[in-house]
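Novice: These are the residues of each chain, in order.
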Amino acid sequence: MKFIRIKDCYKVYKNGVAAIADLTLDIDKGEFVFVIGASGSGKSTLIKMLYREEKPTKGIVEIGGINVGKLRNRTVYKLRRKLGIVFQDFKLLPKLTVYENVAFALECIGMKGNEIRPRVLKALEHVGLKDKTRSFPNELSGGEQQRVCIARAIVNNPKLLICDEPTGNLDPKTSKEIMDVLDAINKDLGTTIIMATHDKEIVNRMKKRVIVLDSGVLAQDHEKGSYKSSEAF
Amino acid sequence: MRKEVINQVKPFRIIIRSIRDSFKSVFRNFSLSMASVICTTITLILVALAIIVTVNVNHVTKTMEEELTIVVYAKEEATPEQVENIENRINKISGVKDVVAKSKEEWKLEMKNYSHTLEVTLDYLENNPLLDSFIVTVNDVNNLAPTAKEIRTFDGVESANYGEGMVEEIISVFDVIKTVTIVIVIALVLVTAFLISNTIKLTIFSRRSEIEIMRLVGSSNISIKLPFIFEGFLLGIVGSLIPVIVAIYSYVIIYEKFGGSISFGVIELVKPMPFILYTAAILVIIGSVVGMFGSSRAVRKHLKI
Chain A
43 MKFIRIKDCY KVYKNGVAAI ADLTLDIDKG EFVFVIGASG SGKSTLIKML
93 YREEKPTKGI VEIGGINVGK LRNRTVYKLR RKLGIVFQDF KLLPKLTVYE
143 NVAFALECIG MKGNEIRPRV LKALEHVGLK DKTRSFPNEL SGGEQQRVCI
193 ARAIVNNPKL LICDEPTGNL DPKTSKEIMD VLDAINKDLG TTIIMATHDK
243 EIVNRMKKRV IVLDSGVLAQ DHEKGSYKSS EAF
Chain B
74 MRKEVINQVK PFRIIIRSIR DSFKSVFRNF SLSMASVICT TITLILVALA
124 IIVTVNVNHV TKTMEEELTI VVYAKEEATP EQVENIENRI NKISGVKDVV
174 AKSKEEWKLE MKNYSHTLEV TLDYLENNPL LDSFIVTVND VNNLAPTAKE
224 IRTFDGVESA NYGEGMVEEI ISVFDVIKTV TIVIVIALVL VTAFLISNTI
274 KLTIFSRRSE IEIMRLVGSS NISIKLPFIF EGFLLGIVGS LIPVIVAIYS
324 YVIIYEKFGG SISFGVIELV KPMPFILYTA AILVIIGSVV GMFGSSRAVR
374 KHLKI
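Line by line, the protein sequences are chains A and B. Here the working numbering is used: the first residue of the first sequence is 43, the next is one more, and so on. Here the working numbering is used: the first residue of the second sequence is 74, the next is one more, and so on.
Some hints here could point you the wrong way.
Unchecked claim - With a straight-line cut-off of 20 angstroms between C-alpha atoms, the simulated SDA-like cross-links for lysine to any residue are: (1) A:K137 with B:V319; (2) A:K154 with B:I88; (3) A:K133 with B:R86; (4) A:K44 with A:A60; (5) B:K374 with A:K124; (6) A:K120 with B:E285; (7) A:K133 with B:H375; (8) A:K137 with B:F100; (9) A:K133 with B:I88; (10) A:K154 with B:R86; (11) A:K154 with B:S95; (12) A:K90 with B:E285; (13) A:K137 with B:F278; (14) A:K137 with B:E160; (15) A:K137 with B:A123; (16) A:K137 with B:L105; (17) A:K154 with B:S91; (18) A:K133 with B:R280; (19) A:K137 with B:V99; (20) B:K97 with A:E142; (21) A:K120 with B:N294; (22) A:K124 with B:I284; (23) A:K120 with B:R373.
Source of the hints: derived by calculation from the structure; they are not laboratory data. No experiment lies behind these values; they were computed from the predicted model shown.
Can you build the whole structure from these sequences, using the hints too?
Specialist: Shown next, in the form of structure tokens:
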């Protein structure tokens, strides 16, 4: 059984904009997949449907056998606890330290205090920020803030990491560092990663599976693809 | 087995965490917390004032109403059996609280004690010119008129009067005062609820990113709402402290300064204990409940429920 199964999926917003049309897609456990496409191609909508911020208008979006489109609003949290989400704008709480920001994700799900500490430190070690636990987000560089965001996303040992343009606000050098962290998580922890991006260089360098969306339609799907092989976009 | 234990412990842990976070959050968002507290304080002082005025107005009207009685006189030629019959029939009227009989002899004795002239005059007369009477009190002041009307129909009754005209006027004025003060209290409570919940809404709006992150990392709706509900409760309690102190001290001081009544003893004030403690409890309850509901409603807007 495929880990992620998207079948005949449509998403039409209330204002009539068709963001996703007839999308069918399978992703295996442990894959690293780039989702690329121009602005308005449906990347973000696809990502949002995966963490059930949006519901498909028609069709199936299944993660680990759960049809996330059918989840009721008040039970969505159960899905989110199995996912890690990384955002372009980091979404860190400015009044909490690095440690507290990462621990926040575990506290929110009611984990015991003595279980939280080792997990947070392990996650921060993974992203190379073990020595910055007491810093506040405004004391960190953009790359470091994104690492905190990644640490928060993986602290719950998710099977799936969803990244919405995580390098969008970062310079090329820092972007590369972030990608190295994500690659290591994918290889070491076996976490499936789906990443929406605009960053041509990253896609070319990583040689991972590339899904190209064009006006909400699946335009291309390449194993070990790159921007060059998706010139249609 | 272990999973069951964990599931039982989790809600308890979430509640403890919510209480801890609500305290933390009050201090982290100090300026907005202060805004909520000040808003609550001001409106609750107004509510306290309205409650004190309303209860005192009610007390005054009730006292005055209790003093309203029907004075019934038996006819001069009424036999002792007839007089006794009148008393029995009055007692049987529904809504009659008390009947105090006063015979013509008792009147004579009382009047003789008033002055020497009266004593001499009454002793001079062969027959007692005074009438047997009854002072009738009723449960509800609105029963005065119908009760007096019914008594007038009894055999041997000369008159049954309660100060017609003036009493009706007093009653209607009291009714208006009561209604107005109750409407003011209700309006103030609603205004308090509106102001407190609006201030809390502002506080929560400024923290919508926090709520968004909580949702995204997998917090259930209830565990997102709980810290805010506790926070609203806490702010409501803190906001009601000053009104409680102001209400208790100022009322006790006013009561003692005026010796329990104002306007030359015409208006008697309600005794401070336990009245002012009940008022304090009402203020704390309004503050905390409105705080909790205000927070809960405000957070709900940011959750996809």
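Novice: Quick one, are K154 of chain A and S91 of chain B close enough, alpha carbons at most 20 angstroms?
Specialist: It holds: about 14 angstroms lies between the C-alpha atoms, which stays within 20 angstroms.
Novice: Tell me if the straight-line CA distance from K137 of chain A to V319 of chain B falls inside 20 angstroms.
Specialist: The given pair, whose Cα atoms are some 36 angstroms apart, is violated under the 20 angstroms limit.
Novice: Given the proposed pairing of K137 of chain A with E160 of chain B, does the C-alpha separation stay at or below 20 angstroms?
Specialist: violated, 81 angstroms
Novice: Checking one constraint from the list: CA of K44 of chain A to CA of A60 of chain A, max 20 angstroms. Satisfied?
Specialist: violated, 26 angstroms
Novice: Hinted pair, alpha-carbon criterion (20 angstroms max): K120 of chain A, N294 of chain B. Please report holds or violated.
Specialist: With Cα atoms ~11 angstroms apart, K120 of chain A and N294 of chain B stay inside 20 angstroms; holds.
Novice: Can you confirm whether the C-alpha distance between K133 of chain A and R86 of chain B stays at or below 20 angstroms?
Specialist: violated, 25 angstroms
Novice: Checking one constraint from the list: CA of K154 of chain A to CA of S95 of chain B, max 20 angstroms. Satisfied?
Specialist: This hinted pair holds, its Cα atoms lying about 18 angstroms apart.
Novice: Does the alpha-carbon distance linking K120 of chain A and R373 of chain B stay inside the 20 angstroms limit?
Specialist: holds, 19 angstroms
Novice: Taking only the CA atoms, is the gap from K90 of chain A to E285 of chain B under or equal to 20 angstroms?
Specialist: holds, 14 angstroms
Novice: Would you check the hint for K124 of chain A and I284 of chain B, treating anything up to 20 angstroms between C-alpha atoms as holding?
Specialist: Distance of about 19 angstroms is within 20 angstroms: holds.
Novice: Holds or violated: are the alpha carbons of K154 of chain A and R86 of chain B at most 20 angstroms from each other?
Specialist: Satisfied, since the Cα-Cα distance of roughly 8 angstroms is no more than 20 angstroms.
Novice: Quick one, are K137 of chain A and F278 of chain B close enough, alpha carbons at most 20 angstroms?
Specialist: Holds, at about 16 angstroms.
Hints 1, 3, 4, 5, 9, 14 and 15 from the list above are not met by this structure, while the remaining hints are.
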